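J.: Quick note, the sequences are listed as chains A and B, same order.
Going by our numbering, the final residue of the first sequence carries number 528, and the count climbs one at a time with no gaps.
Going by our numbering, the final residue of the second sequence carries number 301, and the count climbs one at a time with no gaps.
Just so you know, these hints were derived from the structure itself, not from any lab.
Keep in mind that the hints are not guaranteed to be accurate.
[Said to hold, decoys possible] Calculated pairs, DSSO-like style, for lysine-lysine (alpha carbon to alpha carbon, straight line, at most 30 Å):
| no. | chain 1 | residue 1 | chain 2 | residue 2 |
| --- | --- | --- | --- | --- |
| 1 | A | Lys526 | A | Lys196 |
| 2 | B | Lys189 | A | Lys19 |
| 3 | B | Lys80 | A | Lys526 |
[As the list claims (entries may be wrong)] Under 7 Å between C-beta atoms, here's a sample of chain A residues computed to sit facing chain B:
| no. | residue |
| --- | --- |
| 4 | Arg113 |
| 5 | Gly232 |
| 6 | Gly240 |
| 7 | Thr376 |
| 8 | Phe380 |
[Unchecked claim] Derived, one-sided and incomplete: chain B residues facing chain A with beta-carbon distance under 8 Å:
| no. | residue |
| --- | --- |
| 9 | Ser12 |
| 10 | Ala29 |
| 11 | Ala99 |
| 12 | Val107 |
| 13 | Asp120 |
| 14 | Lys121 |
| 15 | His182 |
| 16 | Leu186 |
| 17 | Lys193 |
| 18 | Lys194 |
| 19 | Ile198 |
Values in this document were obtained by computation on a predicted structure and should not be read as measured data.
All C-beta atoms, glycine included, are put in the ideal place defined by N, C-alpha and C.
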Amino acid sequence: MSAVIESHNHDDHHHGPAKGLTRWLYTTNHKDIGTLYLWFSFAMFLIGGAMALVIRAELFEPGMQIVEPEFYNQMLTLHGLIMVFGAVMPAFVGLANWLVPMMVGAPDMALPRMNNLSFWILPVAFFILLSSLFMEGGAPNFGWTFYAPLSTTYAPPSTTFFIFSVHIMGASSIMGSINVIVTIMNMRAPGMTLMKMPLFVWSWLITAYLLIAVMPVLAGAVTMMLMDIHFGTSFFNAAGGGDPVLFQHIFWFFGHPEVYIMILPAFGITSHIIETFSRKQLFGHTSMVWAMTSIAILSFVVWAHHMFTVGLPLAAELFFMWATMLIAVPTGVKVFNWVTTMFKGSITYETPMLFAIAFVVLFTIGGFSGLMLAITPADFQYHDTYFVVAHFHYVLVPGSIFSIMAAVYFWIPKWTGNMYDERLGKLHFWLSFVGVNVTFFPQHWIGLAGMPRRYPDYALQFADWNMVSSVGAFLFGASQILFLFIVLKTVMGGKKATPEVWEGSRGLEWTIESPAPYHTFTTPPKVN
Amino acid sequence: MSYQKYYVPDQSKFPILMAMALFLLVMGAAGTINDLGEADSMSVYVLYSGFAVFGTTLFFWFRTVIREHIAGLDSAQLQKSFVFGMGWFIFSEVMFFAAFFGALFYVRNFSVPWLGGEGDKGLANMLWEGFESTWPVMSTPDAGSAYVLAEKNMSWPGWGHALEWLPMWNTIVLLSSSVTVHFAHLALKNDNKKSFNIWLGVTVTLALIFVGLQAAEYYEAYAHYGLTLNSGIYGSTFFMLTGFHGFHVMMGGFMLAVMLSRSVFYNHFDSHSHFGFEAASWYWHFVDVVWVMLFLFVYIL
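Could you put together the complete structure from these sequences and hints?
T.: Here it is, written out as structure tokens:
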């Protein structure tokens, strides 16, 4: 291992990063680009979070108090779009940029200039999306799923800008994914066979495949919208022989794999953290790979479970119900493996481990409510209620976002060379943990009691739990300011990190010094 | 195994320029579309400037990559990255077309029959009673609406008229071009540059003929058949599928033309190093396969 470090210092080609702003504008370095992605994602997380707080403030009490219903709809739409495409996805791409080359022993991403392009078109896309707030007729107001005809016949003029910004986000994801796949397939160090690959790398290989398969479908969907709005086609208009339900089919053919795009990398991260802090080898590495592969394949044949109430033929409803429930099997395998890894391990509870354990527990709760929603006849009751809101926020916030936070705490010593403040990290965890549950758990109950989603007002009987939910949301939001502070504090300084950082750490990234040198593995390491 | 260093360029101005180009393109395109019919819209100039920056950046970016290759900076491993990259890019294009073919499948098998009162959801017929499901849909369910009815469609006219039918000629032209581009590839592998240039030239010519025929077909549709984007779901799927395909033919043909001029004017490519050409030819075969699907599902069936 020390041989690897030495070979770096002796290589005369090596130099540090360029100075000033152009370092970030012109960079081809996977670590720089990873950092850009992560900071961009964090900025979007705060913007999208602020929008969520506007929503929760309005819902604090029944009746209209703070914002107009039109503006509420715009906040609802932008919150969803920004969190999905601006916060969660770029965060995972940022982690992939930082970690995949180091984990497979590659000198950089396979196509470094395209890597820079995939990042820099994201701020362009979100600048355009956010600028629609100031356009005539306001921002898109039809929800993040932009169902036709709300998004076609009844859409504000800014929808055209929204459509093109989605195209750019798609281009960014596709280029980023091609880069990840090519890096993994072509740039592994000698001896790093596919089945020896770390699970985060595996999870991203599968995610990238999903992204390349479905982002073009999303591009097709928004292109049809554009044509319907401006050029007289009738894809989503029954008067011309089309069907608004066709939009939902195309959207969810993209949308369901997209949901797994936002969770598979989280599975990878969780596996690394749990094995490290349990000081045991992960239980069932191979079964983890097969579980993720099965989940990815199944994700293509379950999309219509989002559409049980639109009037599908009975055979379709049954097929999509059973196919959806089948996904619980590989997911169960994963949860079983994590729990078994911890079984009889010498566990310590550093901040990343706390987030990872919370991930396993709370993601499983979100998974179970997903099973409830998969039951077609029951879904007729749950559809479009706060129960659905509670379900997908459980898999996304304490699921995806907790895993991203866990990853930041876990790898930030490698990125900055400094340890984060453990006491503050734990404080951040507990505040977030309490905040997230207080926000979303009561939404299960008000949903089952019949509160519909997406409205700025509600009936009086839902008042108490909505108030609780809003208090939780503000607690969760505020605790992310603490997260920002902790990250900044760690970047500025702190206890120096050793190369291996954690006692039980395994993998190539822990064999190089902390902070990781600007260029790593220019000569590939040997993996046994 | 001897190890070659993987070339990672230090810094590059191209990506950020390309991002700016996309910004201009998108703001220009969206603005132009929203301002359609307004005489004093400036958006179209933004769009043009976007195209200018895009084209210029693309030119210099590719020139740099080609020069790096000639200078021997790229290892065999890096070249393999390009191979993988192009393959996955083509896969993403396949999925883009899949969305439109999927839409065609859905309207033909579900929404149109349902509107005509057939099948599981035939109840939809009560929206426009009397609408009969046929394919191609020649009258839209809501015949009195904004949709313009087509008098004729582009479907298979029967063997008696097959030779006057443009799509048949288009098929012959495009399938032949796939063969000629393969001959060009074979010639290159034998280091026969002259034969390579001729076959590639023939391919580019066939691409131009295809685009010309397609333009003639569109002219016929708009001028004589009354078949437009506006004529309901048949017009929508017909023009979007063939239109995106035609656009891809233009892109593929442009790529091949660039490869031809690289070979003729700069004497690039030999039997060992010709991935630029190979990538363009893969793209060309992909465009060809899409056409076969189109011919089958849009024109014949």
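J.: Can we keep the arginine 113 of chain A interface hint, with Cβ of chain B closer than 7 Å?
T.: 5 Å, holds
J.: Holds or violated: glycine 232 of chain A as interface residue toward chain B, Cβ cutoff 7 Å?
T.: 4 Å, holds
J.: Measuring from the C-beta of valine 107 of chain B to each C-beta in chain A, is the shortest one below 8 Å?
T.: 6 Å, holds
J.: Hold the hint about lysine 194 of chain B up to the distance rule: shortest CB distance to chain A must be less than 8 Å.
T.: Violated, because the Cβ-Cβ distance from lysine 194 of chain B to chain A comes to roughly 34 Å (cut-off 8 Å).
J.: Is the interface hint for alanine 29 of chain B satisfied, with its Cβ closer than 8 Å to some Cβ of chain A?
T.: 6 Å, holds
J.: Was the hint right that threonine 376 of chain A lines chain B, CB cutoff 7 Å?
T.: 15 Å, violated
J.: Measuring from the C-beta of glycine 240 of chain A to each C-beta in chain B, is the shortest one below 7 Å?
T.: 4 Å, holds
J.: Interface hint check: serine 12 of chain B, Cβ to nearest Cβ on chain A, cutoff 8 Å. Holds or violated?
T.: It holds, given that the least Cβ distance between serine 12 of chain B and chain A is near 5 Å, below 8 Å.
J.: Does phenylalanine 380 of chain A hold up as a contact with chain B if the rule is Cβ-Cβ below 7 Å?
T.: Violated: closest Cβ of chain B sits about 17 Å from phenylalanine 380 of chain A, beyond 7 Å.
J.: Within 30 Å, alpha carbon to alpha carbon, are lysine 80 of chain B and lysine 526 of chain A?
T.: 21 Å, holds
J.: Is the interface hint for aspartate 120 of chain B satisfied, with its Cβ closer than 8 Å to some Cβ of chain A?
T.: 4 Å, holds
J.: Taking only the CA atoms, is the gap from lysine 526 of chain A to lysine 196 of chain A under or equal to 30 Å?
T.: Measuring from Cα to Cα gives roughly 13 Å; hence the hint holds.
Checked against the numbered hints listed earlier, the structure breaks hints 2, 7, 8, 15, 16, 17, 18, 19; every other hint is satisfied.
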